[in-house]
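Student: Chain by chain, the residues run as shown.
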Amino acid sequence: MIKNNQSDQENIEQLQKITKKLSRQIIEITTRAGSGHPSSSLSAIEIMVALYLGGIMNYRPDEPGWPDRDRFILSKGHAAPGLYAVLAEAGYFDPEMLLTLREIGSPLEGHPNMRVLPGVEASTGSLGQGLSIGLGHALAARVDGRDFQVYVMIGDGETNQGQVWEAAMTAAKYRVSNLTAILDYNKFQQTGSVNHVMPTLEPLVEKWMAFGWHTTEINGHVFDDIFSAIRNAQATDNRPHIIIAHTLKGHGLSPFEKDDVNRKHGKPLTEEEKAQALEELEAYSYDQKITSFEQRPNPNIEPPERRQ
Amino acid sequence: MIKNNQSDQENIEQLQKITKKLSRQIIEITTRAGSGHPSSSLSAIEIMVALYLGGIMNYRPDEPGWPDRDRFILSKGHAAPGLYAVLAEAGYFDPEMLLTLREIGSPLEGHPNMRVLPGVEASTGSLGQGLSIGLGHALAARVDGRDFQVYVMIGDGETNQGQVWEAAMTAAKYRVSNLTAILDYNKFQQTGSVNHVMPTLEPLVEKWMAFGWHTTEINGHVFDDIFSAIRNAQATDNRPHIIIAHTLKGHGLSPFEKDDVNRKHGKPLTEEEKAQALEELEAYSYDQKITSFEQRPNPNIEPPERRQ
Amino acid sequence: MDIGKKIGLTYGPPTRNAFGNALKEVGAQNQNLVVVDGDVGNSTRTQYFRDEFPDRFFNVGIAESNLIGTASGLWASGKDVLAASFACFLLCNAYDQIRMSIAFPQANIKLMGSHSGISIGEDGPSQMAIEDIALATALPNFTVIVPADAPSTKAATHAMFDREGPVYLRTGRPKVPVLYDENLDFNIGEAIQVRDGSDISIIACGLMVAIALEAAHTLSEEGIDARVIDMHTVKPLDTDAIVKAATDTGAIVTAEEHVLEGGLGAGVAHVVARHKPVPMGFVGIDNTYAESGKPEELLAKYGLMPEDIVQKVRGTLKKK
Amino acid sequence: MDIGKKIGLTYGPPTRNAFGNALKEVGAQNQNLVVVDGDVGNSTRTQYFRDEFPDRFFNVGIAESNLIGTASGLWASGKDVLAASFACFLLCNAYDQIRMSIAFPQANIKLMGSHSGISIGEDGPSQMAIEDIALATALPNFTVIVPADAPSTKAATHAMFDREGPVYLRTGRPKVPVLYDENLDFNIGEAIQVRDGSDISIIACGLMVAIALEAAHTLSEEGIDARVIDMHTVKPLDTDAIVKAATDTGAIVTAEEHVLEGGLGAGVAHVVARHKPVPMGFVGIDNTYAESGKPEELLAKYGLMPEDIVQKVRGTLKKK
Ligand SMILES: Cc1ncc(C[n+]2csc(CCOP(=O)(O)OP(=O)(O)O)c2C)c(N)n1
Ligand SMILES: Cc1ncc(C[n+]2csc(CCOP(=O)(O)OP(=O)(O)O)c2C)c(N)n1
Ligand SMILES: [Mg+2]
Ligand SMILES: [Mg+2]
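Chains as they are written, first to last, in the working numbering: chain A, 1 to 308; chain B, 1 to 308; chain C, 1 to 320; chain D, 1 to 320.
If we strip away everything but chain A, and leave its shape as in the complex, we get (with noise of 0.2 Å):
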């Protein structure tokens, strides 16, 4: 149950300013910490801004181990950074704390590290594995008969990996309501883009489907999409229920366009890379429709012996 819902005008404008607010701080600390995925963690960000901070969610930063918390799973680990911006505006630490992003005996490491880091609920960091998690959780309601919900979210490279199919035919078994897996469509991999790398990720929805989910496809930076998404997955009963998100990896910012084909990847930016994005961040203005739909890869291209 979405704890109250805050899709009025005033509330998404709040939500807007943290969501530059913490984009900005997770090119700050990757850029800092010279290593980390800020191009990833930007795709996703006003996903979790909204989950967490958008009264989507029910928890206690208090209580970290709070039977009905609502959970989320990062399972694409590597955007941390993002994770750990929403985790501290959350309140479950110091925000001070950002700024030892992946350096010796932070709990802020490189891959969330949940026997470290209060509020994380899944050590990930290898992709594939936490929707498997999320179905675990979601059972486990079941069982002691509590219900909260359980929010996975997946990147679009990481439906490569077998066991993401494996959990999605299981969880729709078990028709565990309670568990929505959220996709990062934000149509890149590590080497390159999704039309590149897979394109038969595509058809996505039709998948999805076929393997017993219900799903609805958003643009991923847009809140009132999100809330309506949320309180969709929630209305379905007896099912899974996939939120496809189309974004853009990293968040439409110019100095993370790597060449024609590709976003940086895994690279946080210079100094002046990170001014030129921190400006673009700063006129950036919601009104502007930002979509990535129209990059919707195309299965259906030649084979492709001379790309990759």
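Simulated from the structure, these hints should not be mistaken for lab results.
The calculated label-pair distances, taken between Cβ atoms and stated as ranges, are:
(1) D:His275 - C:Val243: 20 to 28 Å
(2) C:Lys320 - B:Ser35: 40 to 48 Å
(3) C:Glu222 - D:Leu184: 46 to 54 Å
Where is the CB? At the ideal position from N, CA and C, for every residue including glycine.
Once you have looked at the hints, place chains B, C and D with the ligands on chain A.
Tutor: Chains B, C and D with the ligands alone, transformed into the frame defined by chain A:
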């Protein structure tokens, strides 16, 4: 390319006769060995007979490594007795050797071992791996400019394994039209029916279509169906093809029925059961419409808490 | 099998059965226990639990990676969890998942791998786990237990649920000789000396303990007095028992149904080299896969029979 | 990193880069070679090959199981094959596939795992392979090579393609000190003595060879004369070099960027116990995962620096 088109009536009667003989052998040698998977072999027998003995596949028993041969990979390796019976009949080795099944020193191991038995194209027995291997063969054909065909037989339970979907997505990416998968849809896994263990295997055709494959659905015990499906598979360009073959685990012979909801798996018949099975096999007529289409699992059943 | 019969050992149920029965007992005591199966519950005997507690049993299909992930989520939401499959599929097909979502977070999840070793027989190498001890012991934070017979498997099953943190329990397919009575004193990390001796120590685990006992009997006829130690806990090893064996007997032979790399022998050699260097011999599978055959035929062909231990003892004694 | 600088070592490219360049050379010589990538070619440096020979390069996506299966099929149809990923994902996420479709059929497939050990630094434990040597050496029929620097990685890459059968080559992420010149004499299975000494032998692999050299330098200032051996081939081990080290120096310390279980140390202990028992000490990761941090900080915190070897040497010498 199909070597020659033996779908005329005379040939089909001949193949049916051979099928009966090999089915007898499967039952005999597993009972003799005291272990093995006769029911899993029998559901796939017509398909293997058609491929090897019906003129579909090109191969040279006296030159097993002939580079231009068509390949058959038994991904559900536990159906080895069926493969062995077919390979013997095809001339790879003396049928007398079938009697050494599972004996120490024999190349007829419990699961196929490509290093010891000529004709075996992959060492299988750990489920889920054969389709990737088939993809490798298919890509090798492309690199080397050969035009052999690759057939991979997978189990319905086997498709629980994520690696099958990894291979499916990648084969579609590379548009390997020389790769044909055949799914032995016998509706039973190890501990129960697909309907119990993984009802969300359905909708099955939709899954493969969404993964970019051409599909044909047939009765896997009817030679006419098999031949036309193979013709279909080879007519389609630029895509891998899957033949979903509805079959009966244990070929419908009553000694393989275990209880209301299950079939024997991985158990040979006792001497008495064997006598009964051979008698039914003798009387068995291909005019009876053998099919298990109607047993299609129902993905919309209630949450399976109380089942398993 | 006939192993141990000539020294008067009788056969009990397979260790997987003993595990299955004990699991049911634990399930009756602990309502918080859930079991996750990869569609092989009739083989691993988690079915005994399923038949009694269907609401706490989940079959996630033939998908070992998913099996481990699901187990981890159940644990993270507060359940006590047992996940099982064939040892080879559990460890080999889901190793990254075990690493990331059990060992790394030190999850309180118990794993049971059945059908270990080559004594499974006719199914052949694809179903045989011969590297699982190396894999499990290489995982930080893991406890690894390889019990020898039905009573100690029952005790080990209860003991592992009393222990916090990840545990891997290794069981076998065939019926095996009984070494202990039902109320044996079993403690994780404490080896059991099943035979005293002063000339050499044979340190074994699993089925190889019975085989070592038969070897010791043969050796005694030659006047060689061998100590036999059941090192049921392969991680953490009982360092005291090993050092005492090295000190008392001056030579050690290890025996395991596993490749020579990364198994019991490698672990014991580690301890011996650190604390009390003595000559050692190693009985195990030597850089090869086995094949199909009857369990005893395979044990003979791949060098795991009492005679093989006897020979290794003779050779090792020469270096003393 | 500063390791080795005070003994005059200079830094060369990361071993993964040396591999990538050598792979391109092999690809130019051998038209039959194909490379399979799991969408990390820019990290593993198989991209160098891809850029030259795109028709012989296949990226099967982030799917390591599928990577190995595809490699096996390509091999079975006659291709020479190299498959690569991060060491942790390659070995841990596709172990059952490696077992069944490479080791068991003795396929002529070469595997390269990059980003091994904790010296990858900031990415943290999920991306660190600290158990891959145990996993690879437990596979029957496998050869396992852990080169120490760029020139020997280049040589190892060429050598492994000249060797029939499955090989696992382990490389690292950071720049590392150069120990050899470009035309070193590199033979699989033959250890290289990089420093002679008579008091103790330090047997190391990978980055730990440079660290051992620095330790030996420090020890020499205390009057301890340590031999340092680059055991680049961890399977099969160079038994002669080990026995000679035990005989000549009477004590051995091993050092590896790997857990203590099932790695180089366990293998050397095996050989020592069998042929020439002497006191040993083991430097490695002790039953824990590491964390994020700078490579050198992590090596210090987890006990893999020259000082750690020095201390271990002192302790081991006491037992001589
Ligand atoms: C099992 C596994 N294989 C490879 C990697 C290396 N890796 C880290 S991020 C990444 C790309 C992920 O792409 P995607 O899921 O699309 O995430 P994005 O960064 O685009 O959000 C890869 C291949 C990994 N972390 N885990
Ligand atoms: C990775 C793996 N997990 C588990 C098993 C054990 N196992 C052998 S056969 C089988 C059932 C296979 O079912 P299906 O694919 O439907 O084949 P069928 O026998 O029905 O043809 C199982 C679970 C295995 N061989 N491999
Ligand atoms: Mg992406
Ligand atoms: Mg089936």
